[in-house]
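J.: Here is how the chains run, residue by residue.
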Amino acid sequence: MREVRPVSGPVAAPPLAPAGGRPADRRAWLLREGWTGLVLVALIVGFSIWSPDFLTKLNWLNTSSTATEVLLLALGETFVIIAGGIDLSVGAVLGLSGMAGGRVMAALMSGGTGTALTVAAGFATALAVGLAFGLLNGGLIARCHIPAFVVTLGTLGIATGLGNLIYNGQEISAIPAWVGAFGNKNLLGWIPVPVLIAAVLCVVTGLALAKTRYGAYTYAIGDNREAAIRAGLPWQRHLVKIYAVSGLLAGIDGVLVMSRLGAASPTSGVTDNLNAIAAVVIGGASLFGGRGKMIGSIIGTLIISVLLTGLIIVNVPPYWQEVAVGVVLITAVYIDQYTGRLRR
Amino acid sequence: MTSTATLSVCGVSKHFGGLQALRDVTLHVNRGEVVGLVGDNGAGKSTLMKIIAGVQQPSGGHVAIDGEPAVFTSPAEAAAAGISTVYQDLALAMERDVVANFFLGREILAGHWLGRQLGWLDRRTMRERTARELAQLHTRIPDIGARCKDLSGGQRQALAIARASAWCERVLLLDEPTSALGVEQQREVLDLIRRVRDLGTAVILVSHQMLDVLAVCDRITVLRLGAVVASVEREDVSADDLIGYITGSKVGPARASSEPGGAAPGDDAPAGGPGAAGPAETDGE
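Chains as they are written, first to last, in the working numbering: chain A, 1 to 344; chain B, 1001 to 1285.
Hint data in this document are derived by calculation from the structure and do not stem from the laboratory.
We put the beta carbon where it would ideally sit given N, CA and C, even for glycine.
Any given hint might turn out to be false.
Unchecked claim - Heads up, simulated DSSO-like pairs for lysine-lysine below, C-alpha to C-alpha not over 27 Å straight-line:
| no. | chain 1 | residue 1 | chain 2 | residue 2 |
| --- | --- | --- | --- | --- |
| 1 | A | K57 | A | K185 |
| 2 | A | K211 | B | K1250 |
| 3 | A | K211 | A | K293 |
| 4 | A | K211 | A | K241 |
| 5 | A | K293 | B | K1149 |
| 6 | A | K241 | A | K185 |
Claimed, not checked - Here's a subset of chain B near chain A, in silico, CB distances under 8 Å, partners left out:
| no. | residue |
| --- | --- |
| 7 | A1091 |
| 8 | M1094 |
| 9 | E1095 |
| 10 | R1096 |
| 11 | E1107 |
| 12 | L1109 |
| 13 | G1111 |
| 14 | G1119 |
| 15 | W1120 |
| 16 | I1243 |
Said to hold, decoys possible - Computed spacing ranges between beta-carbons, pair by pair:
| no. | chain 1 | residue 1 | chain 2 | residue 2 | range |
| --- | --- | --- | --- | --- | --- |
| 17 | B | G1111 | A | P318 | 51 to 61 Å |
| 18 | B | R1124 | A | V203 | 43 to 53 Å |
| 19 | B | G1111 | A | L188 | 32 to 42 Å |
| 20 | B | H1138 | A | R237 | 36 to 46 Å |
| 21 | A | V203 | B | G1111 | 21 to 31 Å |
| 22 | A | G326 | B | D1198 | 57 to 67 Å |
| 23 | A | K57 | B | R1124 | 41 to 51 Å |
| 24 | B | V1071 | A | Y334 | 53 to 63 Å |
| 25 | B | Q1057 | A | R237 | 22 to 32 Å |
| 26 | A | L38 | B | D1150 | 22 to 32 Å |
| 27 | B | A1080 | A | V323 | 55 to 65 Å |
| 28 | A | C144 | B | T1125 | 32 to 42 Å |
So here's chain B without its partners, still in its complex pose (with noise of 0.2 Å):
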């Protein structure tokens, strides 16, 4: 592999046991793009990002950033990397305002003694980075000292997002972001996804929602039974399409060449035959 991409998933495999979970799955992202990653459940995204962001290690290949093979033995490792993830649950504190939220296990400490010896919060730096950072990409928290549980689901969405985002050096990670929110709330959050994108992050997107993917990825890449099926370009496939790959009814092309020398040898389309060993359950849904 010669791919220079910011995020390289190189043949990654994962067994658990006598059961495969991953098999041989090749994708990319670069700065500036969202990549979509569809599959039905137990397809095999879950355990994917789990490699991606550092919870568990491949079996076999590896993750590149950069071009540069990365070995990540724990999620602080992977965020090192400047790789951040939004899973579903958000892993927000409910009682406590934006700010705090914004800042945790990164608070700023006040620059005078206190702050270095006694720990000193400087909240007012802290809260005009938060409404800076939330202003950036257009969220519409309106007031930054409300507690996230009197928030709507929408901006908690939002506010996990935009906090991945502001900590990530490069590569956004997100869990099923739209699954929960109510019509007018998914379109903000891929507004915000599309913000996150242009400020230069390379994105990935977990969804079940083709429409969402649709209407934010730029490439989708498609698993099933712990394989790729499909990797194609947006403009070249409808819902219909990606649904066929998912299901197994219809298969596709197992890259688009959207990048020179994407294509590594003998990865098309391994579309888990009958016989192939069952994919090991491992989505968290």
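This is chain A alone, in the form it adopts within the complex (with noise of 0.2 Å):
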């Protein structure tokens, strides 16, 4: 594409905008974005006033690891929710991968113990399902045309089924050791490696989101998909990518978890799925696309992580937890059309 035009003959200094721009925009902003992170952290001073037992080691190193196999799966969705799309699969995937990875170390140990290479084998075993089943879901979606509430819908059911088929529906716990122990080591005592490995990805997906033109195809995408053809964006290609990595970010998770529970279990991330789209339309982005920020995903992942935990400490039955999630959910996509409103 050419260069733009050199301008001929004198032009007055651009008015360059201030970064940050105007103060009524940051105020907007604030209520638009700023208000999730109150609530995250009035529930956690809120439980840390009602019990004594939240603001501890233990709860922490709990919350993290409980945060942390959702959020590898928000990371991927809030890509996939910005382009316009929407990936239910995730949460299933999830688990293939990990039955899958821990059905190859099974298979290769021998006399109870594996090698590193048997670990690796399993690794990239899940690794791989993860990703395969991001292309297969990019592919009919991009390609194929079909809807991806249908797509993934359906690679949700397969990779389910899958997923109980490897070992008849039961857990493989004949995985290496060192696979447990990896999992639930702790950094410095503080830093368990699983919340260290999502503290990365939060880091990379942010940056790849907000500063680079894989984030500005992924906006506009799914902001305005004719504009985006006509300007001759490689859009199947990007689609295909972000369900790609949207499953890869399963497998990884796949791996955490597995390793955090010391086996892999069929049933791992049922519930991550919807918890994951949740937590990324909390944080503010738009089902409709063109919308949101990856901060605002990790703090939904957190604000549904301590209410989980959070509401266990204290004693309520967990099952309010999926109670408050539904109440914030439905909140926070109410306040974020009010503040719309008012900005327009």
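Take the two lone chains and join them into the complex the hints point to.
T.: Listed below in structure tokens is the structure:
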């Protein structure tokens, strides 16, 4: 493509807008993006006052591990939803990835122990399964023009079924002990390895979304696909990439969950996909595409996780967590629409 | 045809099955010139635009760039030949800011390895160039960090035109750029079209608004039932004349000879007679 035409003649200095935007914009931003952070802080403060067991190392380790499981799916789902799609399959792909990895490790073990190669083969299998399902989703959606809801509902079923078929619906616990040690190792006593991995992935995906062409394409395709096509964006290839990343993150998540449990379970992740979608929407992404931020999805995930562990600690039946997540989800979308009207 | 106009449409016809949407249409436009294209719904304006923009291919005749016949099998080929189009829907991403829309599909990557390997954007350069291009056209978009949905209709139109103009080497096609705007905004868009013209772009303006066409165009071509019924200098016509040509109550000169040798034999006002096949309703309005 051609460069910008050189400006001829004297031109007034460009009226560059300050990076932060106008004060009114910042207020709108605080109202729109900031309030979920306030909800999170309020939840943490509230639970801390309610129970002395909340602000403890044990609960930090517990909550951060819970959050990691949903978080990895939410990171991939953020790209998918901003691009105007939906991925219902990630939870099931998480479970299937773990089962496939566990099955490979169990098969390669001899005499109850596995080598580093065994573990590597298992992990690689899990990641490959996640990536393959992502590519399948993306290919069917972008190339065959089947709606994302239909495709990923289908692969949700396929992955769930295959996950159960691998070991007849049973857990696989005969995996190298190193896997469990890896998943439960706390660096400096406070930072579980899966949490560290999730934190790194948060930074990488957040920067990719906000600062790179990959992110710009993602927003553009979800915002106005026709405009993106006319502008010559490789939209089909990009959609395949987005679903592939979502699947790969589900595969990584499968490894982390298996490592934390010390076993592969076909029921891992069954509730995670809806929680991940809820987290992304609570974080301000629009299911119509074009809008959302990674920090929002991260905060949304933390709200859901804090609700779960907090309610358990204060002895409220944990089923209330699902109720609470539902209430927060609907409230979040309502507030988003309300502030949207205010700005117009 | 010996025309070396920036863009020439030479005897172009288009059939859709038995329907004849365009018959032997000829027009040309030069750099620094605005040519109006008017006609009633179904007269063939949109079909002609689509052929120029490479969306459709002519059944007969051809399009020429700088006198060289050009065949566009896709919009990308027309764009590569220097033809940009602003459609009525503007093709803006409403949740994205002005800069992101300006560079949609043409993002500038940073020069360091992050840019080359990972597609890291050079937002600063993108901001500066957007501001410079918009300032050059005197568009009234005060905050290039504003999202498109927060812009007025006139500002959106200005952004779409400025973007197309910035990436357009030869010809800018504008489809009804003033139709959805208020009076003041219409005037601003017309000023913008003049500035784009003054930068040396050839502009084709498709419009239903006779006053806009008369205000900004150097020449005006009228389509009726798929054929050119008048091609006139602006000074020679009134809005009533144009409406007469459009509705068929007035038969006009097929072409004002604004360019030597521009008039080809045999295209004198083939005003669609009553027996002619009806034109295809291809206008997307």
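J.: Take the hints in turn and mark each one as holding or not.
T.: Status of the hints after comparison with the structure:
At roughly 14 Å between alpha-carbon atoms, K57/A and K185/A fall within 27 Å of each other, so this suggested pair holds. A distance of roughly 59 Å separates the Cα atoms of K211/A and K1250/B; the hinted pair therefore is violated under the 27 Å criterion. With a C-alpha separation of about 12 Å, the suggested pairing of K211/A with K293/A holds against the 27 Å cut-off. As the CA atoms of K211/A and K241/A are separated by approximately 17 Å, the hinted pair is consistent with the 27 Å bound.
A distance of roughly 18 Å separates the Cα atoms of K293/A and K1149/B; the hinted pair therefore holds under the 27 Å criterion. Taking the CA atoms of K241/A and K185/A, the gap is near 32 Å; set against the 27 Å cutoff, the hint is violated. Contact between A1091/B and chain A, as hinted, is supported at the beta carbon level, the nearest pair being about 4 Å apart and thus within 8 Å. For M1094/B, the interface hint holds, since its Cβ comes within 8 Å of a Cβ in chain A; the closest pair sits about 6 Å apart.
The interface hint given for E1095/B holds, since its Cβ lies 4 Å from the closest Cβ of chain A, which is under the 8 Å cut-off. Given hint, R1096/B at the interface with chain A, holds; its Cβ is 6 Å from that chain's nearest Cβ, closer than 8 Å. Satisfaction of the interface hint for E1107/B is found here, the shortest Cβ-Cβ separation to chain A being roughly 5 Å, below the 8 Å cut-off. Below 8 Å, beta-carbon pairs count as interface contacts, and L1109/B has one with chain A at about 6 Å; its hint therefore holds.
For G1111/B, the interface hint is violated, the least distance from its beta-carbon to any beta-carbon of chain A being 14 Å, above 8 Å. For G1119/B, the shortest C-beta to C-beta distance to chain A is roughly 4 Å, which falls under 8 Å, so the interface hint holds. Checking W1120/B against chain A by beta carbon gives a least distance of about 5 Å; that is within 8 Å, so the hint holds. For I1243/B, the interface hint is violated, since its Cβ never comes within 8 Å of a Cβ in chain A; the closest pair sits about 33 Å apart.
Checking the proposed 51 to 61 Å range against G1111/B and P318/A shows it holds: the Cβ atoms sit about 52 Å from each other. Distance hint for R1124/B and V203/A: a CB-CB separation of about 22 Å, inconsistent with the stated range 43 to 53 Å. In this structure the hint that G1111/B and L188/A lie 32 to 42 Å apart at CB holds, the actual value being about 38 Å. At roughly 38 Å, the beta carbons of H1138/B and R237/A sit within the given window of 36 to 46 Å.
At about 23 Å, the beta-carbon gap between V203/A and G1111/B stays in the expected band of 21 to 31 Å. Distance hint for G326/A and D1198/B: a CB-CB separation of about 59 Å, consistent with the stated range 57 to 67 Å. K57/A and R1124/B have their C-beta atoms about 44 Å apart, which keeps the hinted 41 to 51 Å range intact. For the pair V1071/B and Y334/A, the beta carbons lie near 54 Å from each other, so the given range of 53 to 63 Å is met.
Taking the beta carbon of each, Q1057/B and R237/A are about 26 Å apart, inside 22 to 32 Å as hinted. Taking the beta carbon of each, L38/A and D1150/B are about 25 Å apart, inside 22 to 32 Å as hinted. Separated by about 57 Å at the C-beta atoms, A1080/B and V323/A satisfy the suggested range of 55 to 65 Å. Our hint of 32 to 42 Å for C144/A and T1125/B holds, since their Cβ atoms are close to 38 Å apart.
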